[in-house]
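**Q** Each chain, letter by letter, is given below.
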Amino acid sequence: MSEPVRRESDPRSIAGKAPRPERHVAVVVVGGGAAGVAAAVEAAEAGVEVLLVDENPVDNDTMAMDVPLYFGQRMQPSVRNRALMLERVVESNPALASAYEAGVDVQLGTCVWGAFVNGPTVQELDAPLLGLADERRSWLVGYDRLIVAAGARDVVLGFPGWERAGVMAANAAFSLLTRYRALAARRMVVVGSGSLGLRTAALALEHGVDVAAIVEIAPRVRGDAERARSLERRGVPILTSHTIREARGRVGEVESVVVVRMDDAGMPAAGSDRELACDTVCQAVGLTPSVELLALAGARLRFASALGGWVPELDEAVRTSVATVFAAGDCAGFHDAMLADPALARRQGRLAGLAVAESLGALGRRDAEGRRAKLDPEPPMQPPREVHGHWQAWLRSLIHAGGWEVNVCQCEEVTRRELVETRPPRYLAWQSPQMSARGLGTLLRDGPINQDQIKRLTRAGMGPCQSRRCREQVALLLAEATTTPVERIPLPTFRPPLRPLPLSVLWPGDEPPAMRGDWVSWFGIPTQFSPHWEAGMAMDEPTAHGRLIMSDE
Amino acid sequence: MSDRQGAAVVIIGGGVTGLSAGWWLARAGVDVLVLERGIVGWEASGRNGGGATHVYSPFGLEEQRLWPQMDELLGYPTEYQPYRIGVALTEPQLALARRWAEIGATRGFRWESLDSRQLKELVPIVGDNAIGGTYLHFGGHANPQRTVQAYAWALQDHGGRILQHTTVTGLTQRGGRVTAVETTRGTFDADTVVVAAGPQTGLFADMLGVWLPLAPARVEMIATEPIPLMSCGGVAGNGLYGRQTLRGNLVYGGGPHEWINVPDMAAPDHPNTPLVRNLARRLAELFPGAAHVRLIRAWGGIVENTPDGLPVIDRLASPGNVILATMSSVGFGLSPAVGRGVSELVLHGRCQFADLSALSLGRFAETPADWRDRAGWVSAGAPVAGAAAGDGADE
Ligand SMILES: Cc1cc2nc3c(=O)[nH]c(=O)nc-3n(C[C@H](O)[C@H](O)[C@H](O)COP(=O)(O)OP(=O)(O)OC[C@H]3O[C@@H](n4cnc5c(N)ncnc54)[C@H](O)[C@@H]3O)c2cc1C
Numbered sequence: 076m077s078e079p080v081r082r083e084s085d086p087r088s089i090a091g092k093a094p095r096p097e098r099h100v101a102v103v104v105v106g107g108g109a110a111g112v113a114a115a116v117e118a119a120e121a122g123v124e125v126l127l128v129d130e131n132p133v134d135n136d137t138m139a140m141d142v143p144l145y146f147g148q149r150m151q152p153s154v155r156n157r158a159l160m161l162e163r164v165v166e167s168n169p170a171l172a173s174a175y176e177a178g179v180d181v182q183l184g185t186c187v188w189g190a191f192v193n194g195p196t197v198q199e200l201d202a203p204l205l206g207l208a209d210e211r212r213s214w215l216v217g218y219d220r221l222i223v224a225a226g227a228r229d230v231v232l233g234f235p236g237w238e239r240a241g242v243m244a245a246n247a248a249f250s251l252l253t254r255y256r257a258l259a260a261r262r263m264v265v266v267g268s269g270s271l272g273l274r275t276a277a278l279a280l281e282h283g284v285d286v287a288a289i290v291e292i293a294p295r296v297r298g299d300a301e302r303a304r305s306l307e308r309r310g311v312p313i314l315t316s317h318t319i320r321e322a323r324g325r326v327g328e329v330e331s332v333v334v335v336r337m338d339d340a341g342m343p344a345a346g347s348d349r350e351l352a353c354d355t356v357c358q359a360v361g362l363t364p365s366v367e368l369l370a371l372a373g374a375r376l377r378f379a380s381a382l383g384g385w386v387p388e389l390d391e392a393v394r395t396s397v398a399t400v401f402a403a404g405d406c407a408g409f410h411d412a413m414l415a416d417p418a419l420a421r422r423q424g425r426l427a428g429l430a431v432a433e434s435l436g437a438l439g440r441r442d443a444e445g446r447r448a449k450l451d452p453e454p455p456m457q458p459p460r461e462v463h464g465h466w467q468a469w470l471r472s473l474i475h476a477g478g479w480e481v482n483v484c485q486c487e488e489v490t491r492r493e494l495v496e497t498r499p500p501r502y503l504a505w506q507s508p509q510m511s512a513r514g515l516g517t518l519l520r521d522g523p524i525n526q527d528q529i530k531r532l533t534r535a536g537m538g539p540c541q542s543r544r545c546r547e548q549v550a551l552l553l554a555e556a557t558t559t560p561v562e563r564i565p566l567p568t569f570r571p572p573l574r575p576l577p578l579s580v581l582w583p584g585d586e587p588p589a590m591r592g593d594w595v596s597w598f599g600i601p602t603q604f605s606p607h608w609e610a611g612m613a614m615d616e617p618t619a620h621g622r623l624i625m626s627d628e
Numbered sequence: 558m559s560d561r562q563g564a565a566v567v568i569i570g571g572g573v574t575g576l577s578a579g580w581w582l583a584r585a586g587v588d589v590l591v592l593e594r595g596i597v598g599w600e601a602s603g604r605n606g607g608g609a610t611h612v613y614s615p616f617g618l619e620e621q622r623l624w625p626q627m628d629e630l631l632g633y634p635t636e637y638q639p640y641r642i643g644v645a646l647t648e649p650q651l652a653l654a655r656r657w658a659e660i661g662a663t664r665g666f667r668w669e670s671l672d673s674r675q676l677k678e679l680v681p682i683v684g685d686n687a688i689g690g691t692y693l694h695f696g697g698h699a700n701p702q703r704t705v706q707a708y709a710w711a712l713q714d715h716g717g718r719i720l721q722h723t724t725v726t727g728l729t730q731r732g733g734r735v736t737a738v739e740t741t742r743g744t745f746d747a748d749t750v751v752v753a754a755g756p757q758t759g760l761f762a763d764m765l766g767v768w769l770p771l772a773p774a775r776v777e778m779i780a781t782e783p784i785p786l787m788s789c790g791g792v793a794g795n796g797l798y799g800r801q802t803l804r805g806n807l808v809y810g811g812g813p814h815e816w817i818n819v820p821d822m823a824a825p826d827h828p829n830t831p832l833v834r835n836l837a838r839r840l841a842e843l844f845p846g847a848a849h850v851r852l853i854r855a856w857g858g859i860v861e862n863t864p865d866g867l868p869v870i871d872r873l874a875s876p877g878n879v880i881l882a883t884m885s886s887v888g889f890g891l892s893p894a895v896g897r898g899v900s901e902l903v904l905h906g907r908c909q910f911a912d913l914s915a916l917s918l919g920r921f922a923e924t925p926a927d928w929r930d931r932a933g934w935v936s937a938g939a940p941v942a943g944a945a946a947g948d949g950a951d952e
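Protein chains in written order, with this note's numbering: chain A, 76 to 628; chain B, 558 to 952.
Simulated from the structure, these hints should not be mistaken for laboratory data.
As the structure is a prediction and not an experimental result, all values here were calculated from the model.
Ideal Cβ positions, reconstructed from N, Cα and C, are used throughout, including at glycine.
Just so you know, not all the hints are guaranteed correct.
[To be verified] Reference excerpt, derived from the structure (chain A facing chain B, CB under 8 Å, subset only): (1) Gln-198; (2) Leu-503; (3) Pro-577; (4) Ile-600; (5) Pro-606; (6) His-607.
[Unchecked claim] To be clear about the criterion: a stretch of chain A counts as covered by chain B if any three or more of its residues have a C-beta under 8 Å from a C-beta of chain B, and this derived list gives those stretches: (7) 418-431; (8) 512-523; (9) 587-599.
Take the sequences, apply the hints, and build the full model.
**A** Shown next, in the form of structure tokens:
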């Protein structure tokens, strides 16, 4: 066989333009909660270089988009004061001090918006990279090991009026109360009486927020009975077998919420509507692990209802299916015990820190074993219970009480009906008999339901909140409408940027000259766009170096 | 159906090329079956820029004639919008925009030159860095995801069939013809087979012992949050292609591609890379008035290119009942016309409304097996050294 002729690489391709990370660190930990800090400290104490990033304090404009949590416009104006918020974020998280002491490089106010790894169709990267950003700019960081401790996100469900300012969710309320001390709520109705709902109500009371009621669709309180009684003693009514009919108010604010009792048949009981005055409705139905970064980093996910939905596959060392990526804390699986006792998340974090140090050779196996043995044993606990059936019961009740003309996706204003009828968006004003004959039913005949496909057709999930407020409820609604088990509905894909970032922030100040110099819009094959009637004519797209070729030279 | 699993025409690949061809055939009353590995339009056909301005092509005039009618013909919305504005930040960019316009003029279309003031009136988000531009009273763009589903549904409305989640794994040949296609869901008889499998089209050519040089590549796009609608959403320039959607999002792509290998029938990955930052920068340069706008999404897609970047739309000499259709990375806009052309190749053996000689397979007869190496069109990770393109053995 003759030697292959090898010319230079294609100057219009990515070859030779590999992005350079601003820095490379041995270990990046994403998330400065209980698990993340514990992981960072453990790894740093073993002598490994660790960068810990946490996006708090999040800036006001991002919060106003309900990113990363469902803040529902209930931020006090003080969240605009970055310096003050930074102070509070540090104060509220004493464990951070131990990270500083251990020599961890802690970067607050810094989000991770992308994970980039080589794979079958990406070979250009010298190392796995993370995309980071603060308020002003973005940059890339390379790593040897990644520990994701990104926490969990609220599962939220729609009802008439849930677009109003004041409808928010538990994790956001927790963050605004404890981290920012900036929750602008006076009187709150809490949706859900599980551990999450009870804790949210108790925390609100502690911070001087009235709790008008806790609403629960199940016939009994789902959380700890003693905690529930203590809340009732403090004057908080718990309305079981109830659901939300509507949030009301003038000019886009919540001023009251109408609740309704559900009868034995699961239908709204006639005459049982009650209007409760409140300025905030806090959804505390459940949390789901924040797995988007893990997904981008290539970790395999599985569905586990008892852990809150899609979770990373992990081995005993909390290592994901990608050998260099680890997960700890709520993002690895959320259940009530995690909420009750942060020691669980800390333990997972330590395990991750030890595993990472061991895999980098900073700890010998015996040493690592010894340290693992010294960790507090996992406390005995009830096996966590599955949650999706309960979430579905909530959804069903909200449909019965609120109907089908309720937005499932707020950003794109897609209603439940439009979703199951797979309507094109309203602004197209499209009418045709063919379209009217189509819907979920006809799609189902062609194959299993796929949320990404429904998103393309209806736009549900395509908005600026990046489907944080609708991902789970769209899946639940599709499951409900097609009687498909929710775990059979494939997880819709996550795409970068994982946070909505201004173009000016993403703007790379560090472009290699070849990136600018050789840039063309499409491949740069001179004959690709040449007129077919002028054979031999080349039409080269100009680059910064080149010029326009207009003749058949 | 029950006594015969198959169809008069079996189409491999449910992208815009296969679906449009199937739709035209179904309209003509032909019994047609589309076999798609995943969901219709899952690959390039649902991931592209939506541009429909390709008057340079043999299919260009038909592209321009058909698009304004597509919503009505299909019965479903494509979001087709006419006209394009070219924005130039440099003299070479302006020369390119004008050249593009003049090609249209040669075909009888109208265009105007825009000075920077006129440009700013039409496109309020351009900045003082724009030196001028063009307004094309031809061309346009549509929503690829809506369009691809529209083809699929319209095809079914005319009695055609689509089988999703069905991968074609082989071709049964007998007596100089392909008599059936083998799939993960059984074998399907066929009188005629259309291969419109995107990057995988080359693998089918290999099976038939036919030389079709194809190099697959990965490309990326970005989308912003919605901003107020501009009077014409078809604005591009500064090395970007794309559009403002009818919802208001700015959706753009461009810049370096990555050559890859597609070694088998499996669906390729379509990840993004840090290139999204470079794209964001080019977009902010093109539209300084939108620099503060947030990027909310990015995606990747896989396309294939022939050595000259032009499609292959051809009926094979042998086996004589097979038609190959690859669009060489520019196939969305042309799809209404290409589908019609392919349907004519099936029904009449030739395309009656356009001269397809420039798109024949025969032009690559002399292309050497190591052409990708010679051109440098190779994957950085796994060079295809000396191997026939398409077998991708070293990945
Ligand atoms: C980011 C991007 C931007 C673009 N911008 C534009 C633009 O603005 N204008 C334009 O005109 N073009 C554009 N293009 C190009 C255009 O999208 C493609 O040329 C066009 O979609 C090709 O359509 P197709 O049907 O030929 O191939 P594909 O869309 O690749 O479809 C092939 C189908 O075949 C299926 N398949 C493959 N193998 C098998 C098998 N063994 N069995 C069953 N099924 C199989 C695949 O699943 C796939 O659905 C762009 C492409 C990309 C990726």
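**Q** Check the structure against each numbered hint from earlier and tell me which ones fail, lowest number first.
**A** The structure conflicts with hint 7 only, although it agrees with all the remaining ones.
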